[in-house]
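Q: As a plain string of letters, each chain reads:
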Amino acid sequence: MPSTPRSAYLHVPFCRHRCGYCNFSVVADRDDLIDRFLNAIEIEITQVLAQTPCQQLDTLFIGGGTPTHLNPDQLERLLKTLRQHLPLAENAEWSVEANPEDITSDKLHQLRDAGINRISLGVQSFDDQKLAVLQRSHSGPLAQQVIEATANVIPNVSIDLIFAAPNEDLQRWQSDLQTAVRLPIKHLSTYALTFEKGTQFWNQRQRGTLLPVDESAEIEMYDQSRQMLGEAGFDHYEISNFAQPDHQCRHNMAYWLGNPWYAFGPGAAAFIDHHRNVNHRSTFTYLKRIEQGRSPIDESESITAQQAAREAAAFGARLLQGIDLADIERATGWPIIQELQPTLDQLLEQALIQISNTSICLTERGIHFADTVASELLGETH
Amino acid sequence: MTKHLRNFCIIAHIDHGKSTLADRLLEETGTVSIREMKEQLLDDLELERQRGITIKARAVVMKFRRGKDEYELNLIDTPGHVDFQYEVSRALACCEGVLLLVDAFQGVEAQTVANAYAAMEHDLHIIPVINKIDLTHARPDEVAEEMMNSLGTDPDDCVRVSAKTGQGVGKLVDAIIEHIPEPPRDTEAVLQAMVFDSNYDDYRGAITYVRVMQGTVRKGQKIRFLRADTTHDVVELGQFTPHRTACDELSAGQVGYLICNIKSLGDVHIGDTISIPGDGAAEPLAGYSRPKRMVYCGLFPSDGQNFSDLREALERLAVNDPSFEFEPETSDALGFGFRCGFLGLLHMEIVQQRLENESDIDLVQTAPNVTYEIVNKRGETVEIHKPQDVPDPGDVEEFRQPIVRCNIIVPTDFIGAVMKLCQERRGIQKSQEYLAAQRAMLTYDIPLAEVVYDLHDKIKSCTRGYGTLDYEIIGYEAADLARLDFLVNGKRVDALSIVCNRADADRRGRAVAKKLKSEIDRHMFEVAVQAAIGSRVIARETVPAMRKNVTAKCYGGDITRKRKLLQKQKEGKKRMKAIGNVEISQKAFMAVLSEDDS
Ligand SMILES: Nc1nc2c(ncn2[C@@H]2O[C@H](COP(=O)(O)OP(=O)(O)O)[C@@H](O)[C@H]2O)c(=O)[nH]1
Ligand code: SF4
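Protein chains in written order, with this note's numbering: chain A, 3 to 384; chain B, 789 to 1386.
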């Protein structure tokens, strides 16, 4: 695997308010911190690049939080910082996450003019009732308009949709999917709602005031997504991701294939120089550390060749095209094929994977058990 | 000058003041000064203090003069609980009298009655003593009447004392001297002594407690244990004053100890007779038997704990408690551990508590079971110490279980509740007596298994703690019993098998199967949990197959976290026990085993 990262991630931790299901590293309603954050990011990028110089990036991803929550001046400054420090290759993919309610024609042009060529919209649903349950501040019709408007300026549009929200049934999910495929989008990510510790939803579920939909309904919705999106020409290429031909998210592919990447901002996780470094999740601590000249890294773990190989196998297996273990072996120098033989036999017997030569891929059944497969491929801690 | 001997013990319910009274007697007779009395002397094991139960008998000699007369009073301490019924009987066999001690406020309790009956069987002279008369709520007259009703003692004979203030203790000494008969003093006859207790000294080996019935034992002489058929030299002998004090001889009627270079307590049998080697030996004393383990359970180290640590801890305990036994046991479900035998339920609790106090081991305990007897189709009778050993139904001709006679003393308000409970537990009522206007004694014959299962706790809870229960084994009876097994995907989970009455099998089978189901994680396939007698399934639960295991989001930031999560799950799985193709955590077994209403 290339040792110089060709991907970078930037985390913008600001949101208008915190959604009930969200456990991201986010501060809501603290716009006063944005300027300090922009300073800190510049310092962090400079420091990291001083250690691990950047040649050229193939992908750059601005995620959050809500990057588009920044006002035009702040956004301008951020984009400028990135352009200045992170040279992009020709044809590089530069994505930004955005919430529909922040999108204006001016902002779209600002993003496009800066060089952003892919936009990922946090739509979640087109159904007003479901959006209310999820505590999103846009409406279904607005989301549709925004998608159309965005596609006119930045054609490579991706949207996120959540399913299995409380009270949701198959019919409601089908209508979300129907709406989505009629719109000018190139890529779609679908997630079953999860209840994460520390979120409002988690607490409500514990108290019994919020009921998750039952497991079989959730499975049905997932299978429905695969079918309907497939029919509409979207290729199911990763557990939760669908794309039109040639529109897979190249940035995310870097994660799944085990390639290195830079990561900046609170809670951001990088994979550089055989280390997984995770910045402190608290925006306040992150800012304080950078301002005091200290490293924002909270956890750093060195990854052995064996670990790298097993991780590449485990996370690569999430790709529906499968993964060639010989590639991993070549990149890491670790004899992963031989090491995993008994595991592969077992997974094969359980009908979770298919094997052809040195490549493995999930079976139909295996798709529903991707974590079981990943867990077996990872093995125990070494 | 004449020397007079008196041998006696004190029978009392827990907390009625036996230890305190013993202290006062030592003071009153000048054996120990008040200053030395700071610590209670008779029961010195910390655990006994915690529980207020004297487990191991001790014997103290009190020597004093009155005018021309010299007295030697031997107080033999008896274990307070009926699990040690046999040991109590051997101690009683060494006495001519007993002090029957009853709390002036609490009145007669079940344990007092059981032990008083035992004393009567031994034809001992009984001195009724009412203690704690200093209490404001003392009701000595009523208690004297209760004692008359339940134990047949004469209210006029009751000696009233306060072991706390010392009031009446002088009179009690007078009563001991006056009423308890002098033991026979045939010091010239062939040696015959009763072994009534033993303990282990790290330097000296076994200390054997004896009462000389006839003849004399001297330092340096050769003796023989008649039942064990072993011969030893008497290296040292003496009396407890209360410290070990050596002397040259012990003669008929006296109580003391022998040290004979015996390396293991297992070689000293309580109830054995000591005499001389060769043909001229005295007759062995009657009433000897080997301790019988009535309750068994499996003890396993919990996850990650060391098997050999547990073995060492058990060995250490057994050194001082020959009635406790253990042997290695292997369970598919719980791994390597030990099957342990106890005299009774309380004995089991004491041993467990000691294990936990004295060593740092977390234990998993299987449900206790009693010792059953099975007559198989070939007419052989076999003792069963664990449910797994019960043969399949086709090979069982008769299944027998131990029956105990329970005395339960309750305030009259609770009679109804207790009777209902005893009936539910297959008790057969033997009698019902009113001890006083407000208190009654119920006598039932009940399977020991029911007592072990939960009767004791249930009586406590349905009488708001006022009811007291005591029991003694009366024998074995045939019953409609069966081994109830639990299976996951057709494989028996050895640690969960129980023996129960067929009539209860449905209820208990369903409860355990349900609980087990709730504790088993979902697998890639369906898991059937069944309760069965032989090949007949009586309850079935199903753990549905896992239908998915996939998290939607997995991006750069999730990779480390997710990998750790998956690996942790994987490691948890590694520690699981495999029953066939089903993996079950030890925690799940513990949850099932500790279920109360199974
Ligand atoms: N008031 C009062 N308390 C007593 C008397 N005798 C014993 N006690 C208390 O009763 C409790 C139990 O006494 P103890 O001698 O340990 O009872 P054992 O379990 O029979 O040995 C202790 O708290 C003693 O202090 C007495 O005569 N009067
Ligand atoms: S907008 Fe997105 S990042 Fe912000 S709180 Fe909601 S879910 Fe979380």
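The set of hints was computed from the structure by calculation and includes no laboratory data.
Treat the hints with care, since some could be wrong.
Unchecked claim - Just the calculated beta-carbon pair ranges, DEER-fashion: (1) A/350 to B/1115: 12 to 22 angstroms; (2) B/1115 to A/200: 28 to 38 angstroms; (3) A/350 to B/1362: 32 to 42 angstroms; (4) A/20 to B/1254: 29 to 39 angstroms; (5) B/1366 to A/93: 49 to 59 angstroms; (6) B/1362 to A/130: 44 to 54 angstroms; (7) B/1328 to A/210: 25 to 35 angstroms; (8) B/1349 to A/154: 18 to 28 angstroms; (9) A/350 to B/1310: 13 to 23 angstroms; (10) A/93 to B/1369: 46 to 56 angstroms.
As the list claims (entries may be wrong) - Keeping only pairs whose Cα atoms sit at most 20 angstroms apart, straight-line, the calculated SDA-like set for lysine to any residue is: (11) B/1362 to A/216; (12) B/1341 to A/373; (13) B/1352 to B/1339; (14) B/952 to B/906; (15) B/1361 to A/216; (16) B/1356 to A/305; (17) B/1246 to B/1381; (18) B/1356 to A/306; (19) B/1358 to A/216; (20) B/1341 to A/369; (21) B/1361 to A/346; (22) B/1336 to A/216.
Just so it is clear, the structure is predicted and the values come from calculations on it, not from any experiment.
No residue lacks a Cβ here, since even glycine has one placed at the ideal position from N, Cα and C.
Q: Could you run down the list of hints and mark each one as holding or not?
A: Hint-by-hint comparison with the structure:
1. Here the CB-CB span from residue 350 of chain A to residue 1115 of chain B is close to 45 angstroms, at odds with the stated 12 to 22 angstroms.
2. Checked against the hint of 28 to 38 angstroms, the pair residue 1115 of chain B and residue 200 of chain A fails, with Cβ atoms roughly 50 angstroms apart.
3. Between residue 350 of chain A and residue 1362 of chain B the beta carbon distance is about 21 angstroms. The supplied range of 32 to 42 angstroms is therefore violated.
4. Taking the beta carbon of each, residue 20 of chain A and residue 1254 of chain B are about 57 angstroms apart, not inside 29 to 39 angstroms as hinted.
5. As the Cβ distance of residue 1366 of chain B to residue 93 of chain A is approximately 53 angstroms, the hint placing it in 49 to 59 angstroms holds.
6. Remark: the range hint 44 to 54 angstroms for residue 1362 of chain B to residue 130 of chain A is upheld by a beta-carbon distance near 49 angstroms.
7. Separation of residue 1328 of chain B from residue 210 of chain A is about 30 angstroms and conforms to the stated range, judged on CB atoms against 25 to 35 angstroms.
8. Checked against the hint of 18 to 28 angstroms, the C-beta distance between residue 1349 of chain B and residue 154 of chain A comes to roughly 38 angstroms, which is inconsistent with it.
9. A hinted range of 13 to 23 angstroms for the beta carbons of residue 350 of chain A and residue 1310 of chain B is consistent with their spacing of about 22 angstroms.
10. Evaluation of the 46 to 56 angstroms hint for residue 93 of chain A and residue 1369 of chain B yields a pass: the beta carbon distance comes to about 51 angstroms.
11. Of the pairs offered as hints, the one joining residue 1362 of chain B and residue 216 of chain A is violated, with about 29 angstroms between alpha carbons and a cut-off of 20 angstroms exceeded.
12. Proposed proximity of residue 1341 of chain B and residue 373 of chain A is supported: the alpha carbons are some 11 angstroms apart, at most 20 angstroms.
13. Under the criterion of a C-alpha separation no larger than 20 angstroms, the hint pairing residue 1352 of chain B with residue 1339 of chain B is consistent with the structure, at around 14 angstroms.
14. A C-alpha spacing of about 28 angstroms is found between residue 952 of chain B and residue 906 of chain B, which places the hinted pair above 20 angstroms, so the restraint is violated.
15. Distance check on the hinted pair: residue 1361 of chain B and residue 216 of chain A sit about 26 angstroms apart at the alpha-carbon level, beyond 20 angstroms; violated.
16. Simply put, residue 1356 of chain B and residue 305 of chain A have alpha-carbon atoms about 17 angstroms apart, close enough for the 20 angstroms limit, and the pair holds.
17. For the suggested pair residue 1246 of chain B and residue 1381 of chain B, the alpha carbons sit about 18 angstroms apart, so the restraint of at most 20 angstroms is met.
18. Of the supplied pair hints, the one linking residue 1356 of chain B and residue 306 of chain A holds, its CA atoms being roughly 19 angstroms apart against a limit of 20 angstroms.
19. Between residue 1358 of chain B and residue 216 of chain A the CA atoms are separated by roughly 26 angstroms; this puts the pair beyond 20 angstroms, and the hint is violated.
20. A hinted pair counts as satisfied when its Cα atoms are at most 20 angstroms apart, and residue 1341 of chain B with residue 369 of chain A qualifies at roughly 14 angstroms.
21. Taken as a hint, the residue 1361 of chain B and residue 346 of chain A pair is honoured in the structure, with Cα atoms around 18 angstroms apart against an allowance of 20 angstroms.
22. Between residue 1336 of chain B and residue 216 of chain A, the direct Cα distance comes to roughly 12 angstroms. Compliance with the 20 angstroms bound is thereby established for this hinted pair.
In terms of the numbered hints stated before, the structure departs from hints 1, 2, 3, 4, 8, 11, 14, 15, 19, listed from lowest to highest.
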